[in-house]
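Visitor: Fit chain B to the known structure of chain A by using the hints.
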Amino acid sequence: MAELQLRSVEKTYGNGYKAVHGIDLDVEEGEFMVLVGPSGCAKSTTLRMIAGLETITGGEVRIGDTVVNDLVPGKRGIAMVFQNYALYPHMKVTKNLSFGLRLKGVAKPRIAAATDEVSGILEIEQLLDRLPKQLSGGQAQRVALGRALIKSPDVFLFDEPLSNLDAKLRASMRVRITDLHKRLRDEGRPATVVYVTHDQVEAMTMGDRICVMKDGRIMQVADPQTLYARPANAFVAGFIGMPEMNLVDAVLTRDGGVPQLTVAGQTVAVRDGLAGRITAADGPVRLGIRPQHLDVVDPDAADAFTGEITTTEFLGHEVNLHVRLGGEPLVAVTPADDTTTALGRGDRVGLKPRGAKVHLFAPGDEGENISLGTH
Amino acid sequence: MVDATDMVPATAASREPATMLAPKKKRPSRAGAIVRYGLLIVVGLVMIYPLLWLIGASFKTNQEIFSTPWFWPQNPTFQGYIDGWQTSTPYTFGRFFFNSLCIVVPKVIGTAVSSTLVAYGFARFDFPGKKLLFGVLIATLLLPDVVTRIPQYLLFRELGWLDTFLPLFVPQWFAWEAFFVFMLIQFLRAIPREMEEAARVDGANTMQTLIFIVVPMLKPAIISVCLFQFMWTMNDFLGPLIYISSVENYPISLALRLAIDTTEAFNWNEILAMTVLALTPSLVVFFIAQKYFIEGIATGGVKG
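Protein chains in written order, with our numbering: chain A, 23 to 397; chain B, 759 to 1062.
No lab work stands behind these hints: they were computed from the structure. A virtual CB, placed ideally from N, CA and C, is assigned to each residue, including glycine. Accuracy of the hints is not assured; some may be wrong.
To be verified - Here are the simulated DSSO-like pairs of lysine-lysine, each with C-alpha atoms no more than 30 Å apart in a straight line: (1) A/Lys-130 / A/Lys-155; (2) A/Lys-40 / B/Lys-1049; (3) B/Lys-977 / B/Lys-1049; (4) B/Lys-977 / B/Lys-888; (5) A/Lys-204 / A/Lys-190; (6) B/Lys-1049 / A/Lys-114; (7) B/Lys-977 / A/Lys-114; (8) A/Lys-155 / B/Lys-977; (9) A/Lys-97 / A/Lys-40; (10) A/Lys-155 / B/Lys-1049; (11) A/Lys-40 / B/Lys-888; (12) A/Lys-155 / A/Lys-117; (13) B/Lys-977 / A/Lys-130; (14) A/Lys-97 / A/Lys-130; (15) A/Lys-204 / A/Lys-117; (16) A/Lys-40 / A/Lys-236; (17) A/Lys-190 / A/Lys-155; (18) A/Lys-117 / B/Lys-888; (19) B/Lys-888 / A/Lys-97; (20) B/Lys-977 / A/Lys-126; (21) A/Lys-97 / A/Lys-204; (22) B/Lys-977 / A/Lys-117.
Unchecked claim - Calculated Cβ distances over 12 Å to all of chain A for the following chain B residues: (23) Ile-799; (24) Tyr-807; (25) Pro-864.
Okay, chain A solo, but in the shape it has when bound (with noise of 0.2 Å):
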């Protein structure tokens, strides 16, 4: 096992296209690393420079004490998962686990011990004598991970392995890959990942630390609570939590201290956990907040918002307002009690945002937030 650092990693297509600008990630010994982004933020071209499947046209990758750039991938001590299995489609389910161990020579009863290892570990042994074909997508994708595991790589590297399950099936595997991870750790042979996805979920419930990326650059690198508290700028705060966060343009100024909001010609004063934590001036800024986090009041309340209702969605335990407040739309997640589910299309009600909770951007997309304090 061993850790993994990304300095300035570039990545440059031979037609002159620029996918990834210069990345900086360390990924520590035995770390879960998930690296996650909207579809063509080139996590997935960053995993594969790791893995040496592409090409670094800038940087350096470094695994352990040894700069792997120029190193073929089987030299490089890792091992993949890739997201439709990619098994060995003439080979059964031993030779597919084996096939790194008997090419590198190992001795036969030392890859059987293995194999049994492994199998017993993701409760395969029932399968080993089937061809890929045979298997279900939850069995493949359980020896693939075998496949994975049976070399004890310095680093394990996940292209969106579960996206080919129905979401029973993910929600399972998700369990089983991050007990894995940290019954390797506990065995004291903990195992580096670095795990890319597309689903928050998946990002949020796995990882130990989050790197969030756009565009071939990083956004931000943090673990779970602190992305979702802190987030560092406005695409991080919208690409994180369910639904997204509300962010809306916005103006900031001061009323003896106390931060005044104007969205949509309503100004709104927020009392409390604000005021000591914006390091901008006033002007033009974009207001976010989660849709957990405003309170549902009586329309006309004080420091609230008031728009009107376009939308109810029962959930069951809550309900999710969609509020337009002039031109700009609002989501509120509310509990679902008598009140808010008599709530309908076309009510005027107020929504309050919690002091504490409320972010600010500076505008644009990838606006950075000024809500953080000065620590």
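Guide: Same frame as chain A, but now just chain B:
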């Protein structure tokens, strides 16, 4: 867009007319099927009759062959086979079979190996001038065979290869047949690269990836290539005619002509008997490998 009428729920009422229509519809379609299959059977028989006649005639006497168009022999005899096998030369037909084998085996193996290597290169690697080279490769598909015959003959004469089997199979060791390379490339394009990437991550080098991963997946296409090459070579007449001059080196295709040339009155029963023998290897090999053959052609052609 789905037509609104398609979305009418299948209640009992809405199903009823369909069930009433069904028998009415079925009757003409059954008659149609009888006509269709009847026609197909008749055409099929017309097509296969010459072959049946050939096999039947090989068991007839020389006199009987032209006295009746019916294929079934009245007094079946093996005399055609016995005399034909002996030939009018110092060699038996076995010798010619052996000669054919000496050409076919290296040619088929060489074609399969070299075409796979070249196709792998074109399908999976980027190198300078790839587009141009691929264009040239495809262009050779359009080049008539005859055009290259004379320069090739001169080349092999300079090498001193005339009257040997070498000119007949050595070119195929260098992926000479662009058609096979193209077919394998198309097949490879339909195979996802992840398996090969997984193999590289597992530590396989390029050749190991080719041998352990790509070739097994390409198997149906490679078998098709082998079959094509086998049948074409068995049937090739012009190649041996140009390069092989002594009778002891004749393959089957030339040996069959030999019988026609040297006898004053053609012993048709002998010629036909040997023709049947000459056909047998191709037919046997085809039926054994039919499954892969069709799989290879279908996948190579449809996808890609």
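Visitor: With reference to the structure, classify each hint as holding or not holding.
Guide: Here is how each hint holds up against the structure:
Of the pairs offered as hints, the one joining A/Lys-130 and A/Lys-155 holds, with about 26 Å between alpha carbons and a cut-off of 30 Å not exceeded. The suggested pairing of A/Lys-40 with B/Lys-1049 is violated, with an alpha-carbon distance near 47 Å, which exceeds 30 Å. Distance restraint check for B/Lys-977 and B/Lys-1049: the Cα-Cα separation of roughly 12 Å lies within the 30 Å cut-off, and the hinted pair is therefore satisfied. With a C-alpha separation of about 25 Å, the suggested pair B/Lys-977 and B/Lys-888 falls inside the 30 Å cut-off, and the hint holds.
In summary, the hint linking A/Lys-204 to A/Lys-190 is supported, as the alpha carbons are separated by about 22 Å, within the 30 Å threshold. Distance check on the hinted pair: B/Lys-1049 and A/Lys-114 sit about 22 Å apart at the alpha-carbon level, within 30 Å; holds. Of the supplied pair hints, the one linking B/Lys-977 and A/Lys-114 holds, its CA atoms being roughly 17 Å apart against a limit of 30 Å. For the proposed pair A/Lys-155 and B/Lys-977, the alpha carbon gap of about 17 Å is at most 30 Å, so the pair holds.
Taking the CA atoms of A/Lys-97 and A/Lys-40, the gap is near 27 Å; set against the 30 Å cutoff, the hint holds. About 19 Å separates the Cα atoms of A/Lys-155 and B/Lys-1049, which keeps this hinted pair within 30 Å; it holds. Of the pairs offered as hints, the one joining A/Lys-40 and B/Lys-888 holds, with about 23 Å between alpha carbons and a cut-off of 30 Å not exceeded. Proximity of A/Lys-155 to A/Lys-117 is assessed by CA-CA distance (about 14 Å); at most 30 Å being required, the pair is judged to hold.
Restraint check: the Cα-Cα separation between B/Lys-977 and A/Lys-130 comes to about 28 Å, which is no more than 30 Å; the hinted pair holds. Restraint check for A/Lys-97 and A/Lys-130: the C-alpha separation of about 21 Å stays at or below 30 Å, so the hint holds. Between A/Lys-204 and A/Lys-117 the alpha-carbon distance is near 27 Å, which keeps this suggested pair within the 30 Å criterion. Pair hint A/Lys-40 plus A/Lys-236 holds up; C-alpha atoms about 13 Å apart against a cutoff of 30 Å.
Between A/Lys-190 and A/Lys-155 the alpha-carbon distance is near 21 Å, which keeps this suggested pair within the 30 Å criterion. Our distance criterion of 30 Å between C-alpha atoms is broken by A/Lys-117 and B/Lys-888, whose separation comes to about 35 Å. Only pairs whose Cα atoms come within 30 Å are accepted, and B/Lys-888 paired with A/Lys-97 is accepted, the gap being roughly 28 Å. Restraint check: the Cα-Cα separation between B/Lys-977 and A/Lys-126 comes to about 25 Å, which is no more than 30 Å; the hinted pair holds.
Simply put, A/Lys-97 and A/Lys-204 have alpha-carbon atoms about 26 Å apart, close enough for the 30 Å limit, and the pair holds. Taking the CA atoms of B/Lys-977 and A/Lys-117, the gap is near 18 Å; set against the 30 Å cutoff, the hint holds. Listed as outside the interface, B/Ile-799 is consistent with that label: its C-beta sits roughly 37 Å from the nearest C-beta of chain A, beyond the 12 Å cut-off. Chain A leaves B/Tyr-807 outside its interface by the beta-carbon criterion, the shortest separation being 43 Å against a cut-off of 12 Å.
Taking the minimum C-beta to C-beta distance to chain A, about 27 Å, the non-interface status of B/Pro-864 holds against the 12 Å cut.
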